[in-house]
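Enquirer: Residue numbers (the working numbering), protein chains in the order written: chain A, -17 to 209; chain B, 9 to 643; chain C, 2 to 158.
Please note that a few of the clues may not be correct.
Listed below are the simulated SDA-like cross-link pairs for lysine to any residue, each with C-alpha atoms no more than 25 Å apart in a straight line [said to hold, decoys possible]:
#1 C/K148 <-> B/Q598
#2 A/K39 <-> B/Y448
#3 B/K16 <-> B/R263
#4 C/K51 <-> A/E117
#5 C/K24 <-> B/G294
#6 B/K296 <-> B/G171
#7 B/K56 <-> B/K113
#8 A/K122 <-> B/Q336
#9 B/K147 <-> B/S440
#10 C/K47 <-> A/T137
#11 B/K13 <-> B/Q34
#12 C/K51 <-> C/P74
#13 B/K56 <-> C/D137
#14 B/K102 <-> C/V135
#15 A/K134 <-> A/C105
#16 B/K344 <-> B/G219
#17 A/K6 <-> A/R62
#18 B/K469 <-> C/E98
#19 B/K349 <-> C/Y22
#20 B/K344 <-> A/E51
#21 B/K184 <-> B/A213
#22 B/K16 <-> B/G261
#23 B/K39 <-> B/M165
#24 B/K289 <-> C/G21
These are calculated hints, taken from the structure and not from any lab test.
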Amino acid sequence: MITMKMNGMEVKAEEGWTVLETAKFYGLEIPTLCHHEGLTPYGACRLCLVEIGEGPKARLVSSCTYPAEEGLVVHTDTRRVVQARRMMIELMLSVAPNSRVIQDLASKFGVTRMRFKIRNEECILCGLCVRMCAEQMDGKAIGFQNRGYQRKISTPFDIRSEECRLCGGCMYICPACQLRCQGPQAETAICNACLTMDPTCLDFYDELQCWMYDAGRCGTCVREKKS
Amino acid sequence: MKKIKKFKNVEELKKAIEQQEASRQQEKKKKVIVVSSGTCGQARGSLKVIEALKKALREEGLKDQVMIRITGCHGFCEAEPNIIIYPDRIFYQKLTPADVRTIVKETLVEGRVVEKFLHRDPLTRERAWYENEIPFYQKQKRIVLGDNVFVNPTSLMEYLAIGGFRPFIKALTRMKPEEIIQTVKQSGLRGRGGAGFPTGLKWEATRRSPGEPKYIICNGDEGDPGAYMDRSVLEGNPYRVLEGMLIGALAMGAREGYLYVRDEYPLAVRHVTLALDQLYKAGLLGEKILGTDFSFDLHIAKGAGAFVCGEETALIASIEGRVGEPRQRPPFPAQKGLWKKPTCINNVETWANIPLIILNGADWFSGIGTSSSKGTKIFSLVGKINNTGLVEVPMGITLREIIYDIGGGIPEGKAFKAVQTGGPSGGCLPASLLDQIIDYESLTAAGSIMGSGGMIVMDEKTCMVDVAKYFLNFLRDESCGKCISCREGTHRMWEIVRDITEGLGKPGDLELLEELALATREASMCGLGQTAANPVLSTLRYFRDEYEAHIYERRCPAGVCKSLIRYAIIPEKCTGCEACKRACPTGAIQGTRKDVHLILYDKCIKCGACLEACRFEAIEAQRDEAITIVKEVKP
Amino acid sequence: MSVHQTINLDTLQEIVERHGYNKNKLIAILQDIQAVYHYLPAEALKTLSKLLKIPLIDIISVATFYRAFSLTPKGRHVATVCMGTACHVRGAPKILEEFERQLNLRRGETTEDGEWSLETVACLGCCAIGPVVVVDGDYHAHTSIRKVPTILGKYRK
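Bound-form chain A, shown alone (with noise of 0.2 Å):
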């Protein structure tokens, strides 16, 4: 057994654990979006970032591939976690505006406006499809080619692949190609309309599960608070 301290609390792992499987277990919510039960954790959404460490050395790690160690000390939801997270999502959101997704995660986070060419390219390359084609699907159909920004997934060539059984995985799990929510304000890049509504939490939640992740921005808890 592993003991790490989160957001405050002693927690203990299992040998192998990731710090994201950690704070799952204990109900400590991380958003993710490139992770995938059944698949090997990647990396490369950056969303699941949490920072270990305290004082100067204090830094942000992916949770989904940082292995939980011995006395780590592990925070899920710091300002500077939340700031980095929010730039990730104007990123992706910058060239998947059409992404439900994504659009999501912007309500959740507050992200209200995106300062970037919109690009629309409508893959964020977390690579969920690349996985579930060799890992699930023993398929190898599909896979990252070129680098940096001239990264794409493809098949060989861009023609269909040997490989390719027409199984439909990588749809099935693609978080870009579904369709966004057709809310009141569907036809803007970042809708936002959701966050106009009431909060529908009415309970008391402190910063560990605030699902607004900006505790007290909805105003209820703080209401609760003084009372």
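On the provided structure of chain A, position chains B and C as indicated by the hints.
Expert: Frame of chain A; chains B and C shown alone:
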């Protein structure tokens, strides 16, 4: 080439070293001409100089009295091709094959120094007769590079002649592995590849880590544009690096190793391959080295062109035949590296320091440098500097000493603007930091890094926004592309900076740039992404006014950004020589001989050929008046 | 593309054999194939996938990741402009533009007659003699915009 005999035991090797050393002593009575012939030298015609030398010596009948030694680079690249005539150490520079005959006749036959081939100091205009009088060499401490002058890198025997493999014998026969590690730890040697992790600790971790076999790797994937010390060491003294690796293998109990070399360095690949081959023939690599129980195999892996492979885990992936994508650490390579076995990766320069530390002891090494950074560091001093070259200096020297005392200042009397250290992961330091001492900590505090040692000097004609754009363009292409923070982060930063250089900057750009830069630093997995923001953040910190001039005044103060400038002829300076007119590829320059010329803006493509052709500084890059200024008030 | 070579299976087999059919030597094998054909022909990669028993997509990933490999044929002459930092501050971008203008090509492309390819490289490590251009393996030191036609002329005969 002489056939190499296998050394059966330590005694035989010792004897060979003594023999070679003795014959080197004999050699001192002769005249020896040392020709620097690394990649730079060869590009400047050193091979032709050697041919001419051989011919001239034959014709003068001096073939047997004078020896020619062809060596790797001596570091003074500006002076290539150069020769040093021993024993006097007369230094002749920038030679052509035609000059050789004069030298052989006057210096070797008649014993006179030929003034016109001597080095002339760019600041004092004084000529230096001898190599050791040249200011470029005077403040240097060349413990790693110095031996390049004394060895032909293609001959093991020459390496033995300068006492090579004595450190290995010492480590093999008189030291326990723990003692070797202890010595390296005490010496205070830190990784020369960039991050500066203490080498001894790395070795200890690898040795203690459970799992067999263990591997050691030499990282020669010198991807930093503007840094080439590893190339020079591998080209000029490959045996020193291999000896360092042998000692490392002894200390860590490694049975196999890899030497990862950039494929863009053909000469280095050739010399290392040759050296490896000779060591196998000499019985210094392979099974039961020198008849002991120590066995070690070394392979060469050629890089295929990816900057990110300088990162440890990406380098390992590349050796394993995969895409060079870094992975999460921990586990560190010392725990799970190559083929998931304990692996120690050190940079070329780090390995090259090892034999010296073993031979001279930890105290000798830790006596050089500052309290936290020991020994020397090789920097490649390039860009807008008079004495371009590789300089090896003790840690703790100031930037001013390197740039002015060693580098001889900025050419054409221009003003110094910035020095870029640490390559794409580093930053640009302004003139106010010239008296900054150089060690790992102080460079980091100033917003740059030590990195592998690139030092690119920039003058007033360098645009810092353009420099930031250059590095971002490099990084967005060299990022592996896995983390969105790094892939999109560098690409979006490049987009913003590009817009600024094209006159499309807008208020708020700099704030967004800063926010994005910090997020890229925070959220990325590997060193490339974590440091990718440094070129932007450091230029924003020290040269914010230049960014602002681009955004609010639509002006490039250095006259570099094409969209913001136009070339104009200053009538007072124009002599009407027609040089620019002949150089202009589009016929945009009008004017007759001895009359002031004129540039037609609708034909001008701003290629800069006229600027280059004009010898009277009569052409100037001006702010393009046709561009409107942003009306918004500066925040 | 007029430059077309048929793939010799024996050559490929020999390269793979030299590396002992070792999957881990993929990069070295690709380097050897590239040395023979000056690019990586699609047919060769497909055959290689069968010989080494690795999925084709994995070979493609590696071949497109590293800068040393090209999936399209190179021209008879290759001009490589160094874009290192030292060369950059000494005017490499302008020299690249001049090459693009003279050859009527963009970087990374090959002329239609298969004569010229224009490449860039991150750094050649001979910063002292920058800006550097390498044509067919010859280094040209201290190049300038005006020297570009002369350099090209040497190879155009």
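Enquirer: Decide, hint by hint, whether the structure agrees.
Expert: Against the structure, the hints come out as follows:
For a cut-off of 25 Å, the pair hint linking C/K148 to B/Q598 stands: about 22 Å separates their Cα positions. Restraint check for A/K39 and B/Y448: satisfied, since their Cα atoms lie roughly 17 Å apart, inside the 25 Å limit. Note on B/K16 and B/R263: the hinted pairing holds, with a Cα-Cα distance of about 19 Å set against a maximum of 25 Å. A threshold of 25 Å between alpha carbons decides the hint, and for C/K51 with A/E117 the separation of about 20 Å falls inside it, so the pair holds.
Between C/K24 and B/G294 the alpha-carbon distance is near 24 Å, which keeps this suggested pair within the 25 Å criterion. Pair hint B/K296 plus B/G171 holds up; C-alpha atoms about 22 Å apart against a cutoff of 25 Å. For the hint linking B/K56 to B/K113, the alpha-carbon distance of about 18 Å falls within 25 Å, and the restraint holds. Taking the CA atoms of A/K122 and B/Q336, the gap is near 23 Å; set against the 25 Å cutoff, the hint holds.
Straight-line distance between C-alpha atoms of B/K147 and B/S440 comes to about 22 Å, which keeps the hinted pair within the 25 Å bound. For the proposed pair C/K47 and A/T137, the alpha carbon gap of about 13 Å is at most 25 Å, so the pair holds. With a CA separation close to 23 Å, the supplied pair B/K13 and B/Q34 stays within the 25 Å bound. For the proposed pair C/K51 and C/P74, the alpha carbon gap of about 22 Å is at most 25 Å, so the pair holds.
Of the pairs offered as hints, the one joining B/K56 and C/D137 holds, with about 19 Å between alpha carbons and a cut-off of 25 Å not exceeded. Only pairs whose Cα atoms come within 25 Å are accepted, and B/K102 paired with C/V135 is accepted, the gap being roughly 21 Å. Between A/K134 and A/C105 the alpha-carbon distance is near 9 Å, which keeps this suggested pair within the 25 Å criterion. At roughly 9 Å between alpha-carbon atoms, B/K344 and B/G219 fall within 25 Å of each other, so this suggested pair holds.
As the CA atoms of A/K6 and A/R62 are separated by approximately 21 Å, the hinted pair is consistent with the 25 Å bound. The suggested pairing of B/K469 with C/E98 holds, with an alpha-carbon distance near 19 Å, which does not exceed 25 Å. With a C-alpha separation of about 22 Å, the suggested pairing of B/K349 with C/Y22 holds against the 25 Å cut-off. For the suggested pair B/K344 and A/E51, the alpha carbons sit about 16 Å apart, so the restraint of at most 25 Å is met.
Straight-line distance between C-alpha atoms of B/K184 and B/A213 comes to about 16 Å, which keeps the hinted pair within the 25 Å bound. For the hint linking B/K16 to B/G261, the alpha-carbon distance of about 21 Å falls within 25 Å, and the restraint holds. With a C-alpha separation of about 20 Å, the suggested pairing of B/K39 with B/M165 holds against the 25 Å cut-off. Of the supplied pair hints, the one linking B/K289 and C/G21 holds, its CA atoms being roughly 23 Å apart against a limit of 25 Å.
In this structure, every one of the numbered hints holds.
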